[in-house]
Amino acid sequence: MGVTRDLSKALEFEPWAQRVRADLDTQQLVGSRCGDCGFATWPARAVCSDCGSPMVSVRSFARWGLLVSFTVVHVPRPGLPSPYALGQVRLEDGPMVFARLEPVPSRAELPLRVRSRAAASEDPASAGPLRIWFEPVDDAR
Amino acid sequence: MTDVIVAGVGMHPFGRHPDLSLKDLARSAAVRAMIDAGIGPKQIQAVYSSNAMAGVLQGQEMIRGQSVSREFGVEGVPVVNVENACASGSTAFAQAVLAVRAGVVDIALAVGFEKMFVADRDRTLDALESAADLDVVRGLGIQFTATYAMRLQHRIADGSLTVDDMIDVTVKSHENGALNPYAQFRKRVDAQRVRDARMIADPLTLLMCSSFSDGAAAAIVTRPEVLEQSSRPTVRVIASTAASPRTLKDGQTPLVAAVCAQAAYEQAGVGPVDLDVVEVHDAMAPAELLYAEQLGLCPPGGAADFFRSGASRLDGKLPMNPSGGLTSRGHPVGVTGLAQVAELTWQLRGEAGERQVAQPRLAMAQNSGGWLEGDSAACNVHLLERSTPWE
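First to last, the protein sequences are chains A and B. All residue numbers for the first sequence refer to the numbering used here, where the first residue is 440 and numbers rise by one. All residue numbers for the second sequence refer to the numbering used here, where the first residue is 7 and numbers rise by one.
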């Protein structure tokens, strides 16, 4: 599918460890979008996993999304509050992402509009430089 | 396509086995399978070894298959070490089938073994977390209970499943497990106990979730003309399909279990209506409801009606998880796929004891593993057929 591109461009994409996943100033998630088919992923990928094209570029996504589902996990894990919540979010202009969710809504509110948050991580060694999560927002934005 | 048959299967009962090593567990399953097939170790020409976590948990990061196969008398033959998280067992089985089908070997063994109970429970949870892409999920607290919980929460929110549906399918799972001497949990549970059990990941309670488990299972495959004709019914592998997931694009991205099931039906020239018994990957008991839809056993959104009709009970039209499934049989990660093959082989032969379903001819095994942001990372579906008519 699509045009046959020169794949050698895929060798030049920045290494994984250097890819920023969120913009701390704008609190937007940062991923990639394919220049050929428009497919978006988070985190960024060096080659489009949908059409196979290397014409991908790093892009910020709009903060807002729809919380499709979530769960509150009661089994403690090191470095996390107990309990903690995980959410599945469909970003408005981007991909499906999974992230922490704070505060925790009730099931009755699904689907629920949420927005991305980003802050410097408290535990960079285990969790990376950024802490990323989603928070419910009311409809009047 | 060249005929491949299951010549023998064997299992070590799942549970806590602190006194048994990986060698002991593998030996138990492999020897039982060889006895079942009527062969000796020197007739095995290739070993496909399935194990997911012995690197992190037992330190045996490499050559896990070789580290156990000499114990049951097999050496000198090709050994392939297979890992696909919870789908390792069916992946190993699929490779054994391929090797025999291609005529590279006449007789191949697929053996799975796993020890999940270790001194520090957190190590096992860490190992399980590595069934997801750690670069993406590290620090999030991804646990399998949570990934399944999110799928089920969504269905409760849209009204297509209720917590009672989830509780009742858990009760059914444990009813079947109570009849299975190989199962880790062999006690029936009532709905109230399931409802009141400790919350793990909303809406999943402890009793809905499969547990850590130690165990082993093995299957020996060959072509029909290789071994002496057995008086036992012949079990043929009539489809073997595999896939990895596509990144969720929109609401329409087909899930990997659905893709594999559809490909299996096409490969064998059958449809879901032809199935007589199914073993599905219920890492959490309510997932059986989701897989009923994904495998085409009932229409999308129809899982609750399908379950409520009684169709998936042992005495129903299409029994699901007669073994008790992962939830009550237990889920030693690298073993489950081969335990499904063993169960279905016994069912097709009429050797399943108290949990025997009525004269099954066509069986499906669906084994999924790992997680890639919204879907399993791997899936294998196999179709097994009894080609000897029931009397």
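Hints are supplied without guarantee of correctness; some may be wrong.
[As the list claims (entries may be wrong)] A short, non-exhaustive set of chain A residues, derived as facing chain B with CB atoms under 7 Å:
(1) Ser488
(2) Cys490
(3) Ser508
(4) Arg556
If you're looking for bench data, these hints aren't it; they were derived computationally from the structure. For every residue, glycine included, the Cβ atom is placed at its ideal position computed from N, Cα and C.
Any of the earlier hints contradicted here, and which numbers? Hints 2 and 4 not satisfied by this model.
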